[in-house]
Every structure is written in C-alpha cells, then in structure tokens.
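Q: Residues per chain are reported as follows:
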Amino acid sequence: MKMHFLIYLVSGLTFNGTAFSDPARGKGITLYGVSQHSYVTEDGPEAPDMKIEFSLTIAEGCLWRLTHTNNTYGQVLEHSYDGTNYYSIVRGAGGTVELGIAKTLASYKDSATIRKSFRPRTILKAIWWGLLSSCQITNGNGTINDFIFDRPPVAIPDIPDPYFYQQVSDRAVNSFGPSSTLFYSGESTNVNERLPIAMFSVSDVLTQDGFNVPRKLELAVFRSGSVRQMAEAKNYMRSGR
Amino acid sequence: MDNEIKNLAPQLQRSTAITDSRLSPALRYVSASWHTESKLKVAARADMASPVFENSIPPFNLGRSWRAAVSKFRFGFQEYRPLTNKVVTTSRQPKHTYTRFFFGPLLFTLPGSSLELGVILGIVTALILVVFALRSSGSRRNP
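Protein chains in written order, with my numbering: chain G, 1 to 241; chain Z, 242 to 384.
Next up, chain G with everything else stripped away, as it sits in the complex (with noise of 0.2 Å):
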C-alpha cells in the first residue's frame, strides 16, 4: 500500500502585527499562512498535492473570515461566519441560471452560498480544526460527523462515519483551538482498546497582544488505526522535517 498516513499542515502562522481593536469588529487578529496536505509513505513525504496561502480573520464571540486562493482554477474563495451563519463566496465563478417557474435567465459573475453549517474540506481541515472549531465543539471529547475524511462528490444521501474525539485545551499554547485532538472510529467513549484513526497537534507558540497562537497545526489521518502507522507518524513528527 503506497499511502501510509495523509496529513494536513498549516505551517509559518504569522499576525503581520495586524492584531485588531475596533467597534466594528470587536477585538481579533488577522493571521497569514500557508496549509498544505500531502502523503507520507515509507520514502518521506510526497510532494503536496494542494498548497495554499490564507489569511485568515478572527474576532470575538466566533465570528472569522477565511479567504484563499484556490491553486486550480486560481479562484479566489472567502468564507465567514458571523455567529449565526456562513457566507461562501468563489470570485471569478460566473454563469448563467434560470429562475423561478418563468424561468426567467439571470447572468452572474460570481458564486456564492449562505449555509447553517460549515463543513471544511482537504486544506482548509487542520485550520478549521485549529483556529475555528471551538465556535462548534465546545466541548472537550464528543462525537461528530464525517470531518476526517472526504467523500468523494456522488449524488448519495450522507450517511456520515460519526467520530469519537478526545481534545486537550491549553490557552498557554493555543488561545482559539485545540491544543491536541485524537479521533477515534465510531461512537464508543471507551478508547483503552482502540488506536486514533487521527491525530491532532499544534507546536511553535507565537505570542502577541495577548493572544497565543501556534506557528504549525497538523492533522494526521491514518488509513486504518494501525501500531505501524502511529509509530511511523509519531517519528515523523518528532523528526520536525
């Protein structure tokens, strides 16, 4: 089997001394970095098969804006919450569509969505899961639905893979997220027999007007929660690349 793990990186977090304070938007910061995801097989890391730079918003009482471009069709997305719902929007995705029982044609030049809930996918996976994820869990070990692995894109109803999760909170590393998670197949609490199907970590704490971000969020997915794959993931990251 080539792949071993899939990990999901967002590394050189940064503020750019853009931490905020305004009526408008509360207190927050803006932080700019790079999320990647890639292979890791028994040669080292593949070469990532997706790479983006973000920046990303964050004020408070959870409301953010995530904007990237994306690296294929070279679209620029935004996303936001603002603490009720979330706006997507792809600039560039224009068309046509028919409205109404009329039908009446109406030409656009961009794409957009307002939805109840946000489900992040490929490179967004480890900042949601670092940065913005505590506007959703609040608590420390749950269950949640499909937010490890994608679905490919087929017309089938989701049925979703429920995943026990076990997060350690620690404000001194991370002052929005997660310090660490573990994920754990299905919906049982008891995780003495079982190994993390993924794993969660953040390291390199940036500190400024307050807040404490780290540098480098990681997200490891396993193909199945094996003792080879956990020892090879940990080595991988202990080696710190």
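Think about it this way: if two alpha-carbon atoms lie no more than 25 Å apart in a straight line, the pair counts; the simulated PhoX-like pairs of lysine-lysine are:
no., chain 1, residue 1, chain 2, residue 2
1, G, K109, Z, K280
2, G, K109, Z, K282
3, Z, K282, G, K116
4, G, K103, Z, K282
If you are wondering where the hints come from, they were derived from the structure by calculation, not from laboratory data.
For chain G, the structure is supplied; the task is to place chain Z on it using the hints.
A: Showing chain Z alone in chain G's frame:
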C-alpha cells in the same frame, strides 16, 4: 449590506448567484447584495428565486427512486434505491449494436444503426409490399 449580516461577511461586488440554505428547501437567486430572510421570501414570491436541492438530489419518499447523472455515465445511469439505501449503476447495451429488419424474404443486418431505424425501415418495407400487393390484385380484377 443588510444590518443583520456582520462586517466580517464577504462583500458582494457584482451580480452573484447565491444559494441560500436558511430556508428549506434552499433557494437560489441572483443579487448584488445578501438578502435577509424576509427579503428572500419576497424574492421567492416574486418568482425571482428557484429551489435548490443539495447534491442535486430531488426530495424522495420511501419506495420512490430517481435516476441521475446520465451524462456522467456514457453507457448507463445511476439509480438510487431508498429502500435499500443503495445506488445501482445500470449499464446500457454495448456501443456497437446490430439492427435487423425484414425486407421481403431477406433479413438485413446493419452494423452500428439503432433499433428505431430498423423498426422504421421494416414498417416502410411492409407498406411498400402492401402497395405492390394491392396494385397487383387491382390489375388482375380490371384486365
């Protein structure tokens, strides 16, 4: 921008197709600004919004099935069977088919043509034979 949408929401700059899941089913409309829910309902009543079904799956009841994604599967279609929660991919006939039709006593086989063409040719052949038969019987009655 509407007041209920906070400053961190991305600004719309030009006409944008918006898929809005705040109502059920989700609605799609084109606008240069985010709609509030009340404004969205007004747009729906004015026939300026269309319902959108997530993942293009229409609503279904138990026992109903739908067929989708014909264009993605050149030689077949996918069918979702809600009772068993399975998607069945059905293949069509192979691309190279042969059509047979009768022309009088002869059996013709045309490679690569469709079944419908064979039926039409068969009917035309039968009509020609009927016309010939009528003519020949008429000429026998009136020598």
